[in-house]
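So the sequences go chain by chain: A and B. So that you can map any letter, position 401 of the first sequence is 401 in our numbering, and since no number is skipped, the others follow by simple counting. Converting from the second sequence to our numbering requires adding 1000 to each position, the first position being numbered 1.
Please note: incorrect hints may appear among the correct ones.
What the hints assert, rightly or not - Mimicking SDA-like on lysine to any residue, the simulated pairs with C-alpha atoms at most 25 Å apart in a straight line are: (1) K1045(B) to I265(A); (2) K45(A) to K1131(B); (3) K1131(B) to K1161(B).
To be verified - Heads up, incomplete: computed chain B residues facing chain A, CB under 8 Å, no partners named: (4) T1014; (5) L1023; (6) I1041; (7) F1103; (8) T1109; (9) F1253; (10) S1289; (11) S1296; (12) R1300; (13) L1313; (14) K1386; (15) V1388; (16) S1391; (17) R1394.
Don't read these hints as lab results, they were simulated from the structure. For glycine and all other residues, C-beta sits at the position ideal for the given N, C-alpha and C.
The chain contents come next:
Protein chains: 2
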Amino acid sequence: MNCEIIAIGSEMLTPHRQDTNSLYLTSRLNALGVPVAFKTILGDKRQHLVDAARIALSRADIVVFSGGLGPTEDDLTREAVAEALGRTIERNADVLAGLHARFATRRMTMPENNARQADVIAGAEILPNAKGTAPGQWIDTVHEGLRKLVLLLPGPPGEIKPMFDEQCVPRLKAALPERYIARRTLRLAMIPESQADARTAPIYKQYNDVETTILAHFGEIQFHLHTEQTSLSMAQERVDELAGRIEEELEEFLYSSQGESLEEIVLLLLDMRGLTLAVAESCTGGMLSQRLTSVSGSSRSFLGGAVVYSNQLKTAFADVPPEMIEQHGAVSRQVAQALAEGIRKRTGATLGVGITGVAGPTGGTPEKPVGLVYLALSDGRQTEVKEVRTSGDRERIRYYASQQALDMLRRKLQV
Amino acid sequence: MNCEIIAIGSEMLTPHRQDTNSLYLTSRLNALGVPVAFKTILGDKRQHLVDAARIALSRADIVVFSGGLGPTEDDLTREAVAEALGRTIERNADVLAGLHARFATRRMTMPENNARQADVIAGAEILPNAKGTAPGQWIDTVHEGLRKLVLLLPGPPGEIKPMFDEQCVPRLKAALPERYIARRTLRLAMIPESQADARTAPIYKQYNDVETTILAHFGEIQFHLHTEQTSLSMAQERVDELAGRIEEELEEFLYSSQGESLEEIVLLLLDMRGLTLAVAESCTGGMLSQRLTSVSGSSRSFLGGAVVYSNQLKTAFADVPPEMIEQHGAVSRQVAQALAEGIRKRTGATLGVGITGVAGPTGGTPEKPVGLVYLALSDGRQTEVKEVRTSGDRERIRYYASQQALDMLRRKLQV
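Next up, chain A with everything else stripped away, as it sits in the complex (with noise of 0.2 Å):
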């Protein structure tokens, strides 16, 4: 059993936009036991997507068609699916009244053209859509002899998310065989790859009934485990007692066992030890603080703090002596721990945290390259200053460095 996905949208064919919905359409057709194995991006042509339709129909079991079902002549999937199963398209009056009666409640005429949306290929399921005017449409049909589901649903995403889990997941369940799966995901944070994938490949290679896969992303690694067993419970026991091994193996990066953000953690152990956190930002110029603002309920432990990015504010927020500055250097072990302190005393937090670095592409030095930066972070009784050296791009050097002030904290915090 697996599926295909096919979007449609001339749109994604630019290098500007790319196709968003599949990756949410897979997530939950994962959670059902289906895998994707074929993803399609094709635009409004019809003859492109009849016979797209019917390659999809030749491999794939599952077939989910995302756009092309808006009131315009662009709009071109209701036609091309319906020929590439050789069916017939009727106009459906129960559908037509209702688009004329969402119509009427804006006090509008319907345009001629959006009748098409009551188009209906025949012996379809129509899927209502509670955000929008394009209805989806459920076949559930055998094609060349073998039983295949076929998804139309509306391009936008949130037309296509509510529809989805609200009309395509309870006629999935029912249409699938029952499946007992188990997933679970673990965080962890500056280990590379390379090492994490050594540490514990001997470990999860005994596990050939879960499915493991390494994600990285700077300064983070992701474990997704996931399993089908012949129960539930069974399916549970395999994940968790593999989760269990690698989480021993490699405790001191793990920071998230049930797949919380470093953000979240960070937050949810200040507030679990009734602590709050001021942070002093040079180089990364805000992108600490607006990742932990970016969690709904932050301000229970996070006070805010400052963007010291010139060293005028070093001196006028954190109180970082200006003969400091000048004779280490506003990139140094010193500046970082003062920023720390600084902060932290100036607003009252309990804990303090500095930064400080060469975010480039310029103002490197031999002395001081491109992609150095120091952290500190203070409790008041003690200042801990971090020297790390990244490489890449301005934008992951910051981001780096926002990782590694937030790992400072949970490492802290967790002890």
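Place chain B on chain A using the hints.
Frame of chain A; chain B shown alone:
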């Protein structure tokens, strides 16, 4: 003349990863006048690959494969494409010697498997890989009576990009008929897409020879203009003429006529006028600072500021009177104004910005709902305060607020 891009790799069929190479390849192909008509994403099953290659050869003139050229048994692109083309594969002695030499310089013995990377499809030109071990392959052939260009390229972005630019672009230019293409990007802030389209459609519809694409993002609209003509000067003239008319129609919303970002424009205007800026952010929590400092060289005009997430820091860093917060609430016109004026004075900047709002999803009230944001901009003589109401999730509301602040700055500075 059209193109299909086939991205190969199981990880791109998970909910966590997406094919991004195709965006880069599309921009390069479009610049050569080649539209991308299909994108296919599939895993490492040999039969799936052979079938996909056959389908692509039947519907596209140029077929670009990315990925599946590594040394492992899962790397099957070479074999699959050879089968689809009905050609043999030969182990190339020069490539093999190069692989051995590469390992030798690192004092390593080459694993047996890596020899597979020297397998070349009969008749293919070898494309050297400056950044990795897997060479690319270029096949210019006649398949079922039609000329086809088939490109096998490595998957890692760091390898495929230089290989495409250095090896493929010159070969494509030589292989394709000469074309004269011009393009322009216009960027506008704070105008709804429907309005931007309604006002410009009567204009751009007069230019049948220029392709106009409108893209919308939170608080931003982009016009992408693209044309192909019989001479370069003619092409440039046509896009410039249409760009000029769109600019005239939407002048007050236009901030960039050559594609620069809003952050870049604001920093450019500040720099040109020798002005400095500081910001006090509450609900955006550092996002505005982070966006400004993402631009290299921003330190010339951007001093920094404060993330005044707690009420106490609004007073400590921007001198907002506690009574004012008590009386009007932290989310109020008065506090936004006080933040802008306070941060300006405290930092000595020419301009000060203050932002306070309800980012949600919790914390809204009937009088102050989620999505309500106050923004203020002070120049020391006067302070402009703006109330905006937007919707969406926390991230969207915060981004929209930072976009509004940048647009207020742009409008003040562009006068």
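Structure-based check of all given hints:
Note on K1045(B) and I265(A): the hinted pairing is violated, with a Cα-Cα distance of about 39 Å set against a maximum of 25 Å. Between K45(A) and K1131(B) the CA atoms are separated by roughly 38 Å; this puts the pair beyond 25 Å, and the hint is violated. Taking the CA atoms of K1131(B) and K1161(B), the gap is near 10 Å; set against the 25 Å cutoff, the hint holds. A least Cβ separation of about 7 Å between T1014(B) and chain A falls short of the 8 Å threshold, and the interface hint therefore holds.
About 5 Å separates the beta-carbon of L1023(B) from the nearest beta-carbon of chain A, less than 8 Å, and the hint is met. Checking I1041(B) against chain A by beta carbon gives a least distance of about 4 Å; that is within 8 Å, so the hint holds. Taking 8 Å as the C-beta cut-off, the interface hint given for F1103(B) is violated, the closest approach to chain A being about 17 Å. Hint status for T1109(B): violated, given a least beta-carbon distance of 18 Å to chain A, over 8 Å.
Look at F1253(B): its Cβ only gets to about 19 Å from chain A, farther than 8 Å, so that hint breaks. Interface restraint check for S1289(B): the shortest CB-CB distance to chain A comes to about 3 Å, inside 8 Å, so the restraint holds. Using the Cβ-Cβ criterion of 8 Å, the hint placing S1296(B) at the interface with chain A is satisfied: the shortest such distance is roughly 6 Å. Interface restraint check: R1300(B) against chain A, minimum CB-CB distance 10 Å, threshold 8 Å, status violated.
Because the closest C-beta pair between L1313(B) and chain A is about 4 Å apart, less than 8 Å, the hint holds. Below 8 Å, beta-carbon pairs count as interface contacts, and K1386(B) has none with chain A, the closest being about 21 Å; its hint is therefore violated. Hint on V1388(B) is violated. Least Cβ distance to chain A is approximately 19 Å, over the 8 Å limit. A least Cβ separation of about 11 Å between S1391(B) and chain A goes past the 8 Å threshold, and the interface hint is therefore violated.
With a cut of 8 Å, the hint placing R1394(B) at the interface with chain A holds, because the nearest CB-to-CB distance is about 6 Å.
Checked against the numbered hints given earlier, the structure breaks hints 1, 2, 7, 8, 9, 12, 14, 15, 16 and satisfies all the rest.
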